[in-house]
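Peer 1: Please model the entire structure based on the sequences and the hints provided.
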Amino acid sequence: MSEAIEPVAASAVVNAESRVDAKQMNMIQAINSAMDVMMDRDPDVVVMGEDVGYFGGVFRATAGLQQKYGKNRVFDTPITECGIIGVAVGMGAYGLRPVPEIQFADYIYPALDQLVSEAARLRYRSAGEFISPLTVRSPFGGGIFGGQTHSQSPEGIFTHVSGVKTVIPSTPYDAKGLLIAAIEDNDPVIFFEPKRIYNGPFDGHYDTPAKSWAGHPEAQVPQGYYRIPLGKARIARAGEALTILCYGTMVHVVENTVAATGVDAEILDLRTLVPLDIEAIETSVKKTGRCLIVHEATRTSGFGAELLSQVQERCFYHLEAPIERVTGFDTPYPHSLEWAYFPGPVRIREAITKIMKD
Amino acid sequence: MTGPEDSDGAPASAGRNLPPLRLHVPEPPARPGESADFTHFDIPAAGSQPRPDEAAQPAEMREMAYGLIRVLDEDGRAVGAWNPKLPPETLLRMLRYMALTRAFDARMFRAQRQGKTSFYMKSTGEEAVSIGAALALARDDMCFPSYRQQGILIARDWPIVDMMNQIYSNKGDRLKGRQLPIMYSARDAGFFSISGNLTTQYPQAVGWAMASAARGDTRIAATWCGEGSTAEGDFHSACTFASVYRAPVIMNVVNNQWAISSFSGFAGAESTTFAARAIGYGIAGLRVDGNDVLAVYAAMRWAADRARANGGPTLIEHFTYRVEGHSTSDDPSAYRSAEESTLWPLGDPIARLKQHCIAQGIWDDERHAAMDRELAEMVRDAAREAEKNGILGHGLHHPMETLFEDVFEDMPWHLKEQQQQMLDEWKAAGL
Ligand SMILES: Cc1ncc(C[n+]2csc(CCOP(=O)(O)OP(=O)(O)O)c2C)c(N)n1
Ligand SMILES: [Mg+2]
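Going down the list, the sequences are from chains Y and H.
For the first sequence, my numbering begins at 1 and goes up steadily by one.
For the second sequence, my numbering begins at 1001 and goes up steadily by one.
Since the hints were made in silico from the structure, they are not lab data.
Because the structure is a prediction, the values reported are computed rather than measured.
For each residue, glycine too, the CB sits at the ideal point set by N, CA and C.
Heads up, a few of these hints could be off.
[Said to hold, decoys possible] Straight line, CA to CA, 16 Å or less: simulated EDC-like cross-link-like pairs of lysine to aspartate or glutamate:
1. Y/Lys286 with Y/Glu240
2. H/Lys1416 with Y/Asp330
3. Y/Lys357 with Y/Glu320
4. Y/Lys287 with Y/Glu240
5. Y/Lys232 with Y/Glu282
6. Y/Lys354 with H/Asp1424
7. H/Lys1416 with H/Glu1401
8. Y/Lys71 with H/Glu1027
9. H/Lys1427 with Y/Glu350
10. Y/Lys354 with H/Glu1425
[What the hints assert, rightly or not] Pairwise CB distance ranges (calculated):
11. H/Glu1339 with Y/Pro43: 34 to 44 Å
12. Y/Lys68 with H/Glu1270: 21 to 31 Å
13. Y/Glu320 with H/Lys1388: 50 to 60 Å
14. Y/Asp21 with H/Leu1431: 40 to 50 Å
15. Y/Ile278 with H/Glu1405: 33 to 43 Å
16. H/Leu1431 with Y/Gly262: 13 to 23 Å
17. Y/Gln67 with H/Asp1157: 43 to 53 Å
18. H/Gln1114 with Y/Ser212: 22 to 32 Å
19. H/Ser1193 with Y/Ala305: 22 to 32 Å
20. Y/Gly95 with H/Arg1110: 50 to 60 Å
21. Y/Pro43 with H/Asn1310: 51 to 61 Å
22. H/Ala1334 with Y/Gln223: 24 to 34 Å
23. Y/Ser126 with H/Glu1063: 43 to 53 Å
24. H/Gln1421 with Y/Ala259: 17 to 27 Å
Peer 2: Here is the structure:
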């Protein structure tokens, strides 16, 4: 395996320019490219899921793969999520490296038993005799008027399960590098793709025209192989006044809100929730003395609660203000009131003001 | 632990002169650009299927799961043992409900294209499945539908303005804008809240039926899912419970050949029929021409009478075709032959019933055209009425604080706190 490319730091533009063989890609193309590269390198990689074969997936993330690698390696499945994951565990036991797609994260629940009791536990219960090297890809998150069954952010359910890693990219460049690392990883990885930013970054202002990835430095994606190690956060914006911990779509909403408020915030894009880059978090919060946590998922027992505990345990004597959380409300995801629900710029700005006041 | 080994330590299968295994991955008969081919369908003549007694044991009627119950023949005559011999008023009601469903679908699909809502799903070509069923059931029998049985609400005379309010997610929506368009709930119409998660309604319908039986009630339950959805575990749990408890339930599989881009082969249709799923569970199974509303009606009546007489569950496969895309988010020309819907051998359910009514001397082309015009106007007027309550994304929605209602019966402290926080923040932001 070739050497890893280290994650890009704050000065993304410089790094983007130095990226070899780079091409403008949106997040779907980057994800597609990651699978393409891995299928080419490793004959054990197989892609499966509802509508992923001939059609190339309802979001087109697997477009062209069946044509290129054949139906033995890229195939449609019956509509049974528990079946898809169960079969993937069995293929993994044989020695393949399955990359199953769950069409929407909201439909992952029928697969929970196979994920929680099987994929996540196989290495432990067999003392390493069997492993589950799956990468479960699934679009997640709201902002597309998808109602309660096309909008959820269930990452906290998986971070609570021992034995499974949880990865969430926020840019095309990261999506490809992280997906490659996830596929190469010998443990089960839940790879949640923020579908709101598949086609362009989202600043949180739903009433302004949608942007594309064109021109965004992180949309310059090398066409070949590179990996971004799991467990390493990215500094999306360096700053001194406060640390904001976020991931996925919310990275862009936070970046934009920070720019609008003018506060010198350091924005950490966590990229991997488990294992967590605790070093990056600790370094940043000890430097700034203030911490805001932002996620779209519901609040109670959400991943923000874990982050808050970690920061409190490790950085308590450096804190100058209570840690704040901006999260989705503890309700199912609504349809017509989507933008009242979505933790957008209004709520993030309020929280920043509150933290900076103390 | 080691596997079986030969004396030289090599795996048992290695070195043996065995042919390599092969993975079978289903492939539909035609893809875009190819000509459609339905010659592999075995379509029995109308009237050729026997009609078992409603009290028949499942084991005595297994062949019904492989045949195809058909009543309307090529000339529009109703023939055979399954002919329900419906009076003219009922035939014309069926025709009107099917035409109204189609007009409603056309209008709401257009509304989505005009940006008035986020999503829509048509049932074009499958209207007979819902309308035939709704007329065969009693009004107080409980329905657990999927998202493509809007025809049940229409045939139960549910106000279409109410349905449109739900689609527009506006302030007139009884469901408070919570659900994606077409995910109706209408308790007073015996229509269970539709879930976005496939096939969850199946065991629920069985549970409702078991409760009805346990209470000595007389009402039965019916449920629907697509052929693709039969792969979900819930389908199989439902069949097991229905069989074990002989639940008074009718389980309908709407085989419209496609599940988004996946043809029915990915749910097992290359090897057997969906009706034949019943056999392994010891349930009565019927397979019906789903584009023949009289056949659908007759099969549903058979199953309903059976359930009401404590004869237990029936699984019915409705063989039909999804003429349009899966939803407004779908473009079927990317994965199936464009010829399919025109070459579909079982015709159009509305045209077939119309032909029958004309043959019966109770209908004609002029009346049909007048009815279509009247229904189009009716739907247009209803849409205008509904739009007075607002369209999606244009302010006329339920008040923001309602976001927190109905999570629980009583709102716990944390939701009250979040509700207040939301209102304060939006006020502070001047919104
Ligand atoms: C649990 C679950 N998995 C996946 C989906 C996504 N999905 C929605 S409809 C559909 C196809 C269903 O096909 P079928 O059962 O044949 O019904 P049809 O749409 O043809 O009426 C899929 C895969 C879902 N809604 N729920
Ligand atoms: Mg279908």
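Peer 1: Does each hint hold? Answer for all of them.
Peer 2: Hint check results:
no.	hint	result
1	Y/Lys286 with Y/Glu240	holds (10 Å)
2	H/Lys1416 with Y/Asp330	holds (10 Å)
3	Y/Lys357 with Y/Glu320	holds (10 Å)
4	Y/Lys287 with Y/Glu240	holds (7 Å)
5	Y/Lys232 with Y/Glu282	holds (13 Å)
6	Y/Lys354 with H/Asp1424	holds (13 Å)
7	H/Lys1416 with H/Glu1401	holds (10 Å)
8	Y/Lys71 with H/Glu1027	holds (10 Å)
9	H/Lys1427 with Y/Glu350	holds (11 Å)
10	Y/Lys354 with H/Glu1425	holds (12 Å)
11	H/Glu1339 with Y/Pro43: 34 to 44 Å	holds (37 Å)
12	Y/Lys68 with H/Glu1270: 21 to 31 Å	holds (25 Å)
13	Y/Glu320 with H/Lys1388: 50 to 60 Å	holds (53 Å)
14	Y/Asp21 with H/Leu1431: 40 to 50 Å	holds (46 Å)
15	Y/Ile278 with H/Glu1405: 33 to 43 Å	holds (39 Å)
16	H/Leu1431 with Y/Gly262: 13 to 23 Å	holds (21 Å)
17	Y/Gln67 with H/Asp1157: 43 to 53 Å	holds (50 Å)
18	H/Gln1114 with Y/Ser212: 22 to 32 Å	holds (24 Å)
19	H/Ser1193 with Y/Ala305: 22 to 32 Å	holds (31 Å)
20	Y/Gly95 with H/Arg1110: 50 to 60 Å	holds (52 Å)
21	Y/Pro43 with H/Asn1310: 51 to 61 Å	holds (57 Å)
22	H/Ala1334 with Y/Gln223: 24 to 34 Å	holds (25 Å)
23	Y/Ser126 with H/Glu1063: 43 to 53 Å	holds (47 Å)
24	H/Gln1421 with Y/Ala259: 17 to 27 Å	holds (24 Å)
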